[in-house]
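Guided by the hints, dock chain V onto chain R, whose structure is given.
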Amino acid sequence: MKKILALLLAALMVVGMLAGCGSSKTEAPKDAETKAPEAVAEAPAEGSAPALKIGLTGPLTGGASEYGLAVRGGMEIAVAEINAKGGLQIEFKAEDDEADGSDKAVSAYNSLKDWGMQILAGAVTTGSALAIAAETVNDQIFMLTPSASAVDVAMTGPNVYQMCFTDPNQGASAAELMAQKWPDATIGVIYDSSDAYSTGIVDGFLSKAAELSLNVAVDNAAFTADNKADLSTQVTQCKDAGCDIVFLPFYYTEASQVLTYANTIGYAPTFFGCDGMDGILAVEGFDTSLAEGLVLMTPFDANATDDATVSFVEQFKANNDGKVPNQFAADGYDVIYALYNACVAAGIDGSTPAADACAMLQEQFAGMTVDGLTGKGMTWDGNGMISKAPAAVVVTDGIYVPLA
Amino acid sequence: MAMKTLLKNKTTRTNGITYLVVIAVFAVMQVLNGAGLLGSSVKGYLVPICVYISLAVSLNLLVGICGELSLGHAGFMGIGAFSGIVIAALLQDTIPNDVMRLLCAMVGGGILAGVVGFLIGIPVLRLRGDYLAIVTLAFGEIMKNIVGNLYAGIDAQGFHMAISTSKMKLGEGGKYIINGPLGATGVQKLATFTMGFVLVLFTLFVVQNLVNSKEGRAIKAVRDNRIAAESVGINVTAFRMKAFVVSAFLAGMAGALFGLNYSSVTASKFNFNTSINILVFVVLGGMGNILGSVISATVLYVLPEAMRGLQDYRMILYAVVLIVVMLCTWSPKFKEKLSIVSEKIKSLFWGLFKKKEAGTNE
Numbered sequence: 001m002k003k004i005l006a007l008l009l010a011a012l013m014v015v016g017m018l019a020g021c022g023s024s025k026t027e028a029p030k031d032a033e034t035k036a037p038e039a040v041a042e043a044p045a046e047g048s049a050p051a052l053k054i055g056l057t058g059p060l061t062g063g064a065s066e067y068g069l070a071v072r073g074g075m076e077i078a079v080a081e082i083n084a085k086g087g088l089q090i091e092f093k094a095e096d097d098e099a100d101g102s103d104k105a106v107s108a109y110n111s112l113k114d115w116g117m118q119i120l121a122g123a124v125t126t127g128s129a130l131a132i133a134a135e136t137v138n139d140q141i142f143m144l145t146p147s148a149s150a151v152d153v154a155m156t157g158p159n160v161y162q163m164c165f166t167d168p169n170q171g172a173s174a175a176e177l178m179a180q181k182w183p184d185a186t187i188g189v190i191y192d193s194s195d196a197y198s199t200g201i202v203d204g205f206l207s208k209a210a211e212l213s214l215n216v217a218v219d220n221a222a223f224t225a226d227n228k229a230d231l232s233t234q235v236t237q238c239k240d241a242g243c244d245i246v247f248l249p250f251y252y253t254e255a256s257q258v259l260t261y262a263n264t265i266g267y268a269p270t271f272f273g274c275d276g277m278d279g280i281l282a283v284e285g286f287d288t289s290l291a292e293g294l295v296l297m298t299p300f301d302a303n304a305t306d307d308a309t310v311s312f313v314e315q316f317k318a319n320n321d322g323k324v325p326n327q328f329a330a331d332g333y334d335v336i337y338a339l340y341n342a343c344v345a346a347g348i349d350g351s352t353p354a355a356d357a358c359a360m361l362q363e364q365f366a367g368m369t370v371d372g373l374t375g376k377g378m379t380w381d382g383n384g385m386i387s388k389a390p391a392a393v394v395v396t397d398g399i400y401v402p403l404a
Numbered sequence: 001m002a003m004k005t006l007l008k009n010k011t012t013r014t015n016g017i018t019y020l021v022v023i024a025v026f027a028v029m030q031v032l033n034g035a036g037l038l039g040s041s042v043k044g045y046l047v048p049i050c051v052y053i054s055l056a057v058s059l060n061l062l063v064g065i066c067g068e069l070s071l072g073h074a075g076f077m078g079i080g081a082f083s084g085i086v087i088a089a090l091l092q093d094t095i096p097n098d099v100m101r102l103l104c105a106m107v108g109g110g111i112l113a114g115v116v117g118f119l120i121g122i123p124v125l126r127l128r129g130d131y132l133a134i135v136t137l138a139f140g141e142i143m144k145n146i147v148g149n150l151y152a153g154i155d156a157q158g159f160h161m162a163i164s165t166s167k168m169k170l171g172e173g174g175k176y177i178i179n180g181p182l183g184a185t186g187v188q189k190l191a192t193f194t195m196g197f198v199l200v201l202f203t204l205f206v207v208q209n210l211v212n213s214k215e216g217r218a219i220k221a222v223r224d225n226r227i228a229a230e231s232v233g234i235n236v237t238a239f240r241m242k243a244f245v246v247s248a249f250l251a252g253m254a255g256a257l258f259g260l261n262y263s264s265v266t267a268s269k270f271n272f273n274t275s276i277n278i279l280v281f282v283v284l285g286g287m288g289n290i291l292g293s294v295i296s297a298t299v300l301y302v303l304p305e306a307m308r309g310l311q312d313y314r315m316i317l318y319a320v321v322l323i324v325v326m327l328c329t330w331s332p333k334f335k336e337k338l339s340i341v342s343e344k345i346k347s348l349f350w351g352l353f354k355k356k357e358a359g360t361n362e
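Protein chains in written order, with this note's numbering: chain R, 1 to 404; chain V, 1 to 362.
You may find that some hints are simply not true.
Here are the computed lysine to any residue pairs in the SDA-like style, where the Cα-Cα straight-line distance is at most 20 angstroms [said to hold, decoys possible]:
1) V:K214 to V:T11
2) V:K43 to R:D139
3) V:K167 to R:S193
Covered by chain V, per the in silico footprint, the following chain R stretches (three or more residues, Cβ under 8 angstroms) [stated by the list, open to error]:
4) 91-102
5) 110-117
6) 130-140
7) 190-197
8) 219-226
Read the hints as simulated data drawn from the structure, not as lab findings. As the structure is a prediction and not an experimental result, all values here were calculated from the model. Backbone N, C-alpha and C fix where the C-beta goes; we use that ideal spot for every residue, glycine too.
Just chain R, with the same shape it has in the complex (with noise of 0.2 angstroms):
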């Protein structure tokens, strides 16, 4: 019987060390602050509104929790620089839902709701935005999401928002940019059949492609979830059919491996990914020096010399043990700020009722004007899809330079 006892106490020793563990690293942010400002975080000044609750759902354990973390961690940024500010506080909260696309994502959804959230600034995976977004018309809770792009997302509801281009836009304005560079190269394409995103894309872009008559040799070089280990035959089947372009709609840790097996057969065309690809010169063990040349269409950069994006890039860093953020991050960033103007110019406050906040977000939002380190001058149609200027860049000497 003692050492029963002697187990659940060891075990309840674990669970509140853990717990410890956990909300220290969640306040990290706010102690990465300056002392004054913090006193203002934790505690409002006597007589204000109670602090807006937004909340963020995203994949923070398991595979995809790069993008979820990475998202976070920017929106955390911008809150503790915004309860910095005075005015209008943000009690800002993120739950996991593991990428999933049905009971996972709503229960994160539920218990941010249980927390009393008034806006979400989630989802980051387009299979819980989806999951989510038709529990948010019923809530008449404002969603915007810094990362989920198919159209189906922003079409769910009047009340959702997106932060990141569609992805038959993105696929269609890569269409456009090759038209314009490179009109008569051959164009290989390899994509991820089992995700939304990819093929989101490359449906947008083969449509695209068509109409301007793009001369695209390779446009079924697929591999799926399961099978991404070794990527060498659609490199192949691209070298074979004589592509000068290789279009990778894909995320930077699948493309890494495309760029080194490319290296290894000795196959050097113009590779040209989206934003996933942002973030490949940060892969661990990846040698940058094979993505030189690569080019690809991010709406942020992080060796930009603007201000905004020197602090926030510094500040991550400083929240992250060094990490260089990527553009999920900067949309998180970005999402955070959108919201917080639209609050401030709605006079949306913590005691505001989420679904009047909802429709005076919806009303802001109509005709809104928002710069950020994703874009300038970005504005959003009736469906809540975004506008701003796609931007390539091309990697030159380990950083990113505009598309000349």
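This is chain V only, laid out in the frame that chain R set:
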């Protein structure tokens, strides 16, 4: 008197307790819900818990009672989910009643899963050894990849289905039901807690009655000693097939309820991890122990949700809990201690019961 003899029968008593526990929990939840005491989170757990209980009980029939290992239970769940969603969408105009449409979807999903189970079973269940585990593992992955590339939609011309976007041409006003890797989107949510409760009762009814029937005894005989069972004239393949198809059918029904509880479902949900998760419910609840499956499915589903307060550490802790439970339930010392405690509780309970009975007799 009849009641008394019934209560003396051990299996009837165990079965009765299982039903009682489920009904009692349902009643308590309904009362709490009616009083408005349940938060959104708890309300959100109700249907998935019912689904996972059904899945665990149906898998227990296969793993615990029949002694076959299946690693693709989520595949059957997925078949049920997607076919249920398609059926519900197609019957939108024909059957306006939500409950009837949900029932049709669940039965349809179950039947389809059962048929697929039958087809898989024809070659595999004739073999000795662990082949069912290998084949179901592959089956689950195949299902996931097929559905992940499946496009189905409805327009003025009727129902269309294709395996790639380019072949899929929907007319004006057409609507996708299943949209490739996006999964089923814009699903009308039909599932209710009451239907979940009915599904659990139905599953329990089917499984418990099957186990205690002539067929059930034959299935157990096959599990315990295949050669001995064959020597007394039991058709081994047929009885294993019965257990496998019933298990797949129930999983399909549960899957349909699951699919119709969310506005979107992706194929990747029904992967190997989900299959293993259900298997963990069965193993930790005790193989062959139906009430154990019900309890472990509930506790293990709620546990990671209840630990949300632990932030990033909750999934690590979930694993630790699983290991501790597994070690404890397998340790003879712990079992001995547990049996002493449970005996005490039992004697206390029966003592009270008998006193009451004596009181009413007097």
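Going down the list of hints, with the structure as the test:
| no. | hint | verdict |
| --- | --- | --- |
| 1 | V:K214 to V:T11 | holds (14 angstroms) |
| 2 | V:K43 to R:D139 | holds (14 angstroms) |
| 3 | V:K167 to R:S193 | holds (15 angstroms) |
| 4 | 91-102 | holds (count 5) |
| 5 | 110-117 | holds (count 4) |
| 6 | 130-140 | holds (count 5) |
| 7 | 190-197 | holds (count 4) |
| 8 | 219-226 | holds (count 3) |
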